[in-house]
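S.K.: If you want the building blocks of each chain, they are given just below.
2 protein chains.
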Amino acid sequence: MSDIIFVHNREMGKAFIERLLGKKPIFTCVIGITETAKIPGISAAGKNPELTYYTPPADVELLMLGKCKCIQGVPVTPEGIPTPALITRAALKLADIPTVIVSGGLKVKPQVPFVDLGGSPGRDIRSGRAVDYVEDVLEKAMMLGENLAKTVDYLVVGESVPGGTTTALAVLLAMGINAEGKVSSSMPSNPHRLKIETAKTGLKASGVEFGALANNPMKAVSCVGDPMMPAFAGMVMGAADRIPVLMAGGTQMSTILAIVKALKPEVLDNVAIGTTRWIILDKEADLPGLVQQIADVPVLAINLNFSSSKFNGLRAYEAGAVKEGVGAGGACIAAILKSGGAVSTDKIFIEVEKAYSSLCSDF
Amino acid sequence: MSDIIFVHNREMGKAFIERLLGKKPIFTCVIGITETAKIPGISAAGKNPELTYYTPPADVELLMLGKCKCIQGVPVTPEGIPTPALITRAALKLADIPTVIVSGGLKVKPQVPFVDLGGSPGRDIRSGRAVDYVEDVLEKAMMLGENLAKTVDYLVVGESVPGGTTTALAVLLAMGINAEGKVSSSMPSNPHRLKIETAKTGLKASGVEFGALANNPMKAVSCVGDPMMPAFAGMVMGAADRIPVLMAGGTQMSTILAIVKALKPEVLDNVAIGTTRWIILDKEADLPGLVQQIADVPVLAINLNFSSSKFNGLRAYEAGAVKEGVGAGGACIAAILKSGGAVSTDKIFIEVEKAYSSLCSDF
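Heads up: the protein sequence lines correspond to chains E and H, in order.
Be aware that the first sequence starts at 865, since it is given in the numbering used here, and climbs by one per residue.
Be aware that the second sequence starts at 865, since it is given in the numbering used here, and climbs by one per residue.
Since the hints were made in silico from the structure, they are not lab data.
None of the hints are false.
One copy or two, either will do: identical chains are not told apart, so a pair holds if it fits within one copy or between any two.
Okay, derived cross-link-like pairs now, DSSO-like style, lysine-lysine, Cα gap no bigger than 27 Å in a straight line:
#, residue 1, residue 2
1, Lys1014, Lys1211
2, Lys931, Lys1014
3, Lys1128, Lys957
4, Lys1128, Lys931
In this text the structure is predicted, and so the values were computed from the model without any measurement.
Chain E extracted, bound-state conformation (with noise of 0.2 Å):
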């Protein structure tokens, strides 16, 4: 287990994956859309800003197929740096980890089996009014996790979402925490000054003042969040009362814990945050800072390193590129906890070698 790095509240942490240990799990992907992706400069989650509502159904295709049907070869960044979506399959292939994909708002259907929960396209949350049926779409998603955990022993949730980490921003502004220049990219050099003027922009649109929504996240998702959220966060919440729920992803999982722990706190022993080591090692950002202003939860990072990588493309994730998405580090957590280490991330690195070379184009 020495590939998994325990960044924040060790103990609980390691008994957290104690209790997983050799257990059955189930991965679910969570995608939406939210219009703030086409903000030039905000995201790198697609090849450009039109691009990114193909993203998430590309990024759920290849977890399912080994490769996608609505856009050829990958999503990649405006650089060529490819999907974190790459590594997420490699992970779920390696220990045969049965996925579920749901959404939560888009615009491009993925050509593999979803979940719908009624959820719509989210807009630029500059309009203040980001998402609609916010409460219908957590609702559902409850009775999904409340389903899902009768099926498995925990339950791994990821997202993809281009713009995620800025709508995280403003969601978490509107409840108060302190998230200014905390929130990550998938750039190497994080767009901080945009983001804030993005969201900023957005509460004031809502007439929405710092910390005014702190007890009312879903009004805040409303005005200022994207459609992934309310999904996410109903998920956890529906499965948290009987399994554990490992929440796989970056610095967007403040904002789905603040959400939670808003609506049911009494979830939260049984809920912990897996990343990658690369957004821990992001200096432009602060997911430890975030999560210790909301709620005491373990934060996992699994020690992936593609530093002797043969492609640039994967090289480029060691200089800061990508970081995490698509549930890369909780994926890679449960197939190494799921197969009791023999899925390891050397294992997982040349699976990922693999698919680069088959489904990239290197540069």
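The hints should help you fit chain H onto chain E, whose structure is shown.
M.R.: Coordinates of chain H only, in the frame set by chain E:
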């Protein structure tokens, strides 16, 4: 286990049941609609033909929520006899069985989470081009079945598609199975002549002769089937490689069996049909006679009896109304097996009466 009747292939049925006893199931319900249901006199799965579009979503709302959202009350026949989803709900609730809803193709979406397989509503089979995207839906359903099979010990699949016995008949004829006068009906008096005429009109319109599509079931479905079929068959094919599958339904299950046999016969030794006593008692239909023409799988029936009910709407089942649907028979069998007999037909009956008295108005 005296609550389970071994109808066909008794020894195999007993062995099948033994493999399931005490194990963990998931119940899935595949819903879809076909405009065939709007032919006057074809279906009783709705108060009137227009309402049949609402029956499948209302049925699964009842399963997940204990009440319907898209209609008032619960789906009823024109005589006011309630949906068998009341039985399914009672069984799933008593045995705490997780449930996943799957859409094959709908006009009205349910207000609960459901898996979208990319299917669309079915046309009147008299057009000869009844269902679109059959191959796509089949493939996605296989993926879903495969993933669900990694979470639990066995899969139960039910369905709700008004007009479904007529489309079942038509596909059976296209595949060369002697099915005239053998499919069941939700009405006490089975409109066999109307069904046969409808099926034959569809076959003629598509230029398909009796038996011409014995080896091409997806073509048969696209010509004269309904959108539940590729979804249901695909899930069976995807899951039965790995775990036992109980196909929960009446005579429509013979059509699914024929599809699975044509496309993936090697999984059939992992498959059984679970239905109700009312289907077996039906003198105007012949489920065993259909099954034995296709494949040697066990047929089991739940020995549920409503003759002592306080309510006319439930006693009507004993007079041949409704009989089966929404996986009622298979859900009861799974509830008994999961609970090791702690859930019985008596307990299910009491629970159904309770639900009837709170949701239905007796007549």
